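**Student:** Residue-level listing of the chains:
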Amino acid sequence: MTELDKSGAAAEVLTGGDTRGAGPRRPRARPGARGRGVPLPLLVPALVGLAFLLLPLIALLVRAPWRTLPDQLTSPEVWQALQLSLICATAATAVSLVLGVPLAWLLARTEFPGRGFVRALVTLPLVLPPVVGGVALLLALGRNGVVGQLLDSWFGITLPFTTAGVVVAESFVAMPFLVISVEGTLRAADPRFEEAATTLGASRFTAFRRVTLPLIMPGIAAGAVLAWARALGEFGATITFAGNFPGRTQTMPLAVYLALQNDPAAALALSLVLLAVSIAVLAGLRDRWMTAS
Amino acid sequence: MTRYTRRTRRTLQVTGVGVAALLALSACSSGSDSSSKKDSSSASKDSAKKVTGTVTVFAAASLKESFTTLGKDFEKAHPGTKVTFSFGGSDTLAASITGGAPADVFAAASPKTMAIVTDKKDAATAPSTFVRNQLEIATLPGNPDKVASLKDLTKSGLKVVLCDKTVPCGAAAQKALDASKLKLTPVSYEQDVKSALTKVELKEADAAVVYKTDVKAAGSKVEGVEFPESANAINDYPIALLKDAPNAEAAKEFIALVQSVEGQEVLTAAGFLKP
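These protein sequences, in sequence, are chains Y and H.
Mapped onto the UniProt record's numbering, the consecutive letters of the first sequence carry residue numbers 1 to 293.
Mapped onto the UniProt record's numbering, the consecutive letters of the second sequence carry residue numbers 1 to 275.
In short, the hints are calculated from the structure, not lab data.
Since this is a predicted model, take the numbers as computed values, not measurements.
Among the hints, erroneous ones may be present.
25 Å max Cα-Cα, derived DMTMM-like pairs, lysine to aspartate or glutamate [claimed, not checked]:
no.	chain 1	residue 1	chain 2	residue 2
1	H	LYS175	Y	ASP152
2	H	LYS203	Y	GLU77
3	H	LYS165	Y	ASP152
4	H	LYS64	H	GLU226
5	H	LYS146	Y	ASP152
6	H	LYS165	H	GLU65
7	H	LYS221	Y	ASP71
8	H	LYS183	Y	GLU77
9	H	LYS243	Y	GLU111
10	H	LYS120	Y	GLU77
11	H	LYS165	Y	GLU77
12	H	LYS183	H	GLU226
13	H	LYS121	Y	ASP152
14	H	LYS112	Y	ASP152
15	H	LYS175	Y	ASP263
16	H	LYS112	Y	GLU77
17	H	LYS165	Y	ASP71
18	H	LYS155	Y	ASP263
Covered, in the sense of this in silico footprint (three residues per stretch, anywhere, with C-beta under 8 Å from a C-beta of chain H), are these stretches of chain Y [to be verified]:
no.	stretch
19	108 to 116
20	139 to 146
A virtual CB, placed ideally from N, CA and C, is assigned to each residue, including glycine.
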C-alpha cells in the first residue's frame, strides 16, 4: 500500500514541508523511536482518504472499453495530442524552473517590504479557476492585451492559438507549485552554508550556484515533478488562452473533454493513455533524478 | 547517509506518482460518470398538482439571454417558483443528463444532441422543436477585414474561430462550408458557441461563425454578416421534459411558456426563427 504515502507526500510538498534530506544539519529520523502500532484515529481517516482517491481511478479502469481500446488508440489525433501534451508540459516545466527557482530564492532569502503579500500573489494561480487564469492571460498577453498588443506591434508575436500559448498557459498554472516547493525547501535549508561560502570569498551568486542549488536539489526535483504533472493535466487556461486546434493547441485533456461530448468511450481510452504515460514518466524520473541527489 | 537519501527518493517518487494519479483522475472522473447507465424502470413520481418549487432547465448556450428572460416571466406568473438554468454546450449538457444530473427540462441546439438523451430513454416526452436558429458571421466592430461572405473567411491571415464539430454550431458551420465546397482552417475549434463569440469580443480572433442570436446578444461588441449558405444549415432546437425530472409539473408549465405566443415573442426578438 505505497499509495498511502503518495497523496500524503504530495500534500506535504504543497505546504513546503518536504525538507527531509535537504538540510544535513537536521536530525535524522530514528526508526526505533516510532511506535509499532498505527493509532486508530489516524488509520481510519487515512484509509477512507485512500479509498476516496483511488475509487474513481478504479472505476475508470473497470469501465474502460478494453475491447475497443486498440481501435480507439490507433487514430493519429490521439498520438498528436499526446505528443503535444508531453512537449508543452515539459516546456512549461522548463520555463517554471528558469523563472521559478530564482523567484523562490528571492522570497526565501531576501528581505523586502511586502514580501508576504508578494508570496500570496505568487500562489494566486493555485486558487484561481484556470479558466479565469486563461481570460486574464488573454487580457494581458492576447493580441489586444495590455502587453500582448505591444508584442504584436513590436515583434509581430501573437501568443493565443499557438503552441507557445499552450506553454504560457501551462506555465502560469504550474509555476506556483514549483515556487512553493522550492521556497519551502530553501527555508528549511540552513543558510549558514551559504554564509560560510560567502565568508570564504564566494559571491552571493556563486554561493547560490555551488552551495544552495545542490542543497535544495530534492526540493527542486519535487517541485518540477509537481509542476510537470499539473501542466500535463491543465485544461481551463489552455482552452481559454490557446484555443483548441488538433496538432497545434489540442493537448490530451482538451481531446478528452471534446471526445467526452459525443464519444465517452473514446474519452475513457484517452484518459487511460494519459494516466499510463504520467505514471511511466514519473516512475522513470524517480530512477534518473532521485538517485543522483 | 544512505538511509535518508533513500527516504528522499521515495518521497519524491511517491509524490510524483500520487500527483499524476490525482490529476489524471480529475480529468477523467466525469467520463466514468456518463457511462453509468440509469435504471430506466423507475416509475414517475406523483408530484403535487400545484406548480411550485424549483425548475431546473438545461439549455443550449445560445438560449441564455432569451431563456433568462422567460425564467423571470415564469417566476412572476407562478409565485413561489424558481427557475434555475444551466447553460452550456448542448452535448455537454446531454452528457450530464445521461450521467444522472438532476434536471427537469432539456432544451438543445440540435436534434442530434437531443438524441443522446432520448436514445438513453432519459426524456419523458417526445422532443418538440420550439425555435430554429441560423448561422451568421461575427466580425470585429466595423468589420475592418471587410468580410462579406463565407468565402471571405478562407482568406489567409484571417483568424477565424469555429465551434468544435461535436457542438451543434460547429456541425452547422461545417455543413454550410461543405455545401458551398469551401475549405476553412480556423485557428481554434471552440467548445461552445459563446466561447467562439468571446474570442471575437476580446478581439483575439477576427471572425467567428456563430448564431444570429449570439451576434444580436453581443450588441455593439461584434458586427454580424449574414451569408446565404447559412440557409443550408438551420438548426432546429428541440425541448423535452426529462424522465427523472424532480419537478415535472412546473417543468411542463415552463415548456408550455416557451411554446406559447409570448414565449415565442421573446425568442424571435432575440433573433430566433419560428419553428
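**Student:** Would you mind marking each hint as holding or not holding in the structure?
**Tutor:** Cross-check of the supplied hints:
1. LYS175(H) / ASP152(Y): violated (34 Å)
2. LYS203(H) / GLU77(Y): violated (29 Å)
3. LYS165(H) / ASP152(Y): Given that 25 Å is the threshold and the Cα spacing comes to 30 Å, the pair is violated.
4. LYS64(H) / GLU226(H): holds (21 Å)
5. LYS146(H) / ASP152(Y): Holds. LYS146(H) to ASP152(Y) sits at ~21 Å (cutoff 25 Å).
6. LYS165(H) / GLU65(H): holds (24 Å)
7. LYS221(H) / ASP71(Y): violated (45 Å)
8. LYS183(H) / GLU77(Y): holds (20 Å)
9. LYS243(H) / GLU111(Y): violated (63 Å)
10. LYS120(H) / GLU77(Y): Violated, at roughly 28 Å.
11. LYS165(H) / GLU77(Y): holds (14 Å)
12. LYS183(H) / GLU226(H): holds (19 Å)
13. LYS121(H) / ASP152(Y): violated (52 Å)
14. LYS112(H) / ASP152(Y): This hinted pair is violated, its Cα atoms lying about 41 Å apart.
15. LYS175(H) / ASP263(Y): holds (20 Å)
16. LYS112(H) / GLU77(Y): holds (24 Å)
17. LYS165(H) / ASP71(Y): Measuring from Cα to Cα gives roughly 21 Å; hence the hint holds.
18. LYS155(H) / ASP263(Y): violated (33 Å)
19. 108 to 116: violated (count 0)
20. 139 to 146: holds (count 4)
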